[in-house]
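K.L.:
Work out the full structure: start from the sequences and follow the hints.
So for the sequence shown, the working numbering puts the first residue at 1; every next one is plus one.
Since the hints were made in silico from the structure, they are not lab data. Keep in mind that a hint or two might mislead.
[Claimed, not checked] Derived lysine-lysine pairs resembling BS3-like cross-links, with alpha carbons at most 30 Å apart:
| # | residue 1 | residue 2 |
| --- | --- | --- |
| 1 | K33 | K48 |
| 2 | K120 | K81 |
| 3 | K48 | K169 |
| 4 | K120 | K33 |
| 5 | K81 | K33 |
| 6 | K113 | K81 |
| 7 | K81 | K48 |
| 8 | K120 | K48 |
| 9 | K140 | K48 |
| 10 | K169 | K113 |
| 11 | K140 | K169 |
| 12 | K113 | K48 |
| 13 | K113 | K140 |
| 14 | K140 | K81 |
Being a predicted model, the structure only gives us computed values, none of them experimental.
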Amino acid sequence: MSFSFLDLNQTTRDEMIVEITNDITNNQLYLSKRLSSNGVAGYPELLKMAVQQHDEVWLAEQLMQQNRLNQIEQTSRGQRKVPINAAITLAEGEFNRYYMRALCRIAIIDGLKLEVYRAKAVDINRTESQNKIGQIIDPKTLLDDLRDSIGVDSALGLPAGPNSGLSIKLVN
1 MSFSFLDLNQ
11 TTRDEMIVEI
21 TNDITNNQLY
31 LSKRLSSNGV
41 AGYPELLKMA
51 VQQHDEVWLA
61 EQLMQQNRLN
71 QIEQTSRGQR
81 KVPINAAITL
91 AEGEFNRYYM
101 RALCRIAIID
111 GLKLEVYRAK
121 AVDINRTESQ
131 NKIGQIIDPK
141 TLLDDLRDSI
151 GVDSALGLPA
161 GPNSGLSIKL
171 VN
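P.N.:
Printed below as a string of structure tokens:
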């Protein structure tokens, strides 16, 4: 099941590319430790292609190919197999973060607000996530938070952790 990004259009995609390009230029692009050396090398271009022409599902499919993910990861207790859904979690999370960053930019320029909604059905509705649905979010505050929270949960709790299914939409 893929996300339903309500405001994903060419303008949003263009703004996503601006954010990705800025992160690459400033050496701020999140590169998961689960990516292999091959995955790290190809990830920036795959992310841009997903944003320009595809979606998070396509990105996950690409990450699962050509040994782009490590099979084993280090933990505090030793080693373990990388979870089977690692590519999906990474692709969904990062595509959604750049989507939200793009909407923040658009909302700031156009004087709009942002509302939290469930963009993907989930098996377990966390109370914390449910409580965020319908909240109106300040775009500047969220944009700063998302830019500062690279590879970790943001202070505002959006997108509310991996697999939350939450995103944002533009509102007047």
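K.L.:
Decide, hint by hint, whether the structure agrees.
P.N.:
How the hints compare with the structure:
For the suggested pair K33 and K48, the alpha carbons sit about 19 Å apart, so the restraint of at most 30 Å is met. Taking the CA atoms of K120 and K81, the gap is about 26 Å. The hint holds against a cut of 30 Å. Between K48 and K169 the CA atoms are separated by roughly 21 Å; this keeps the pair inside 30 Å, and the hint holds. Proximity of K120 to K33 is assessed by CA-CA distance (about 25 Å); at most 30 Å being required, the pair is judged to hold.
For the hint linking K81 to K33, the alpha-carbon distance of about 13 Å falls within 30 Å, and the restraint holds. Taking the CA atoms of K113 and K81, the gap is about 42 Å. The hint is violated against a cut of 30 Å. A threshold of 30 Å between alpha carbons decides the hint, and for K81 with K48 the separation of about 28 Å falls inside it, so the pair holds. Between K120 and K48 the CA atoms are separated by roughly 22 Å; this keeps the pair inside 30 Å, and the hint holds.
Taken as a hint, the K140 and K48 pair is honoured in the structure, with Cα atoms around 24 Å apart against an allowance of 30 Å. In summary, the hint linking K169 to K113 is supported, as the alpha carbons are separated by about 8 Å, within the 30 Å threshold. Distance restraint check for K140 and K169: the Cα-Cα separation of roughly 14 Å lies within the 30 Å cut-off, and the hinted pair is therefore satisfied. Using a Cα cut-off of 30 Å, the hinted pair K113 and K48 holds, with the two alpha carbons roughly 26 Å apart.
Of the supplied pair hints, the one linking K113 and K140 holds, its CA atoms being roughly 10 Å apart against a limit of 30 Å. This hinted pair does not check out: K140 and K81 have alpha carbons roughly 39 Å apart, beyond 30 Å.
Taken one by one, the earlier hints fail for this structure at numbers 6, 14, listed in ascending order.
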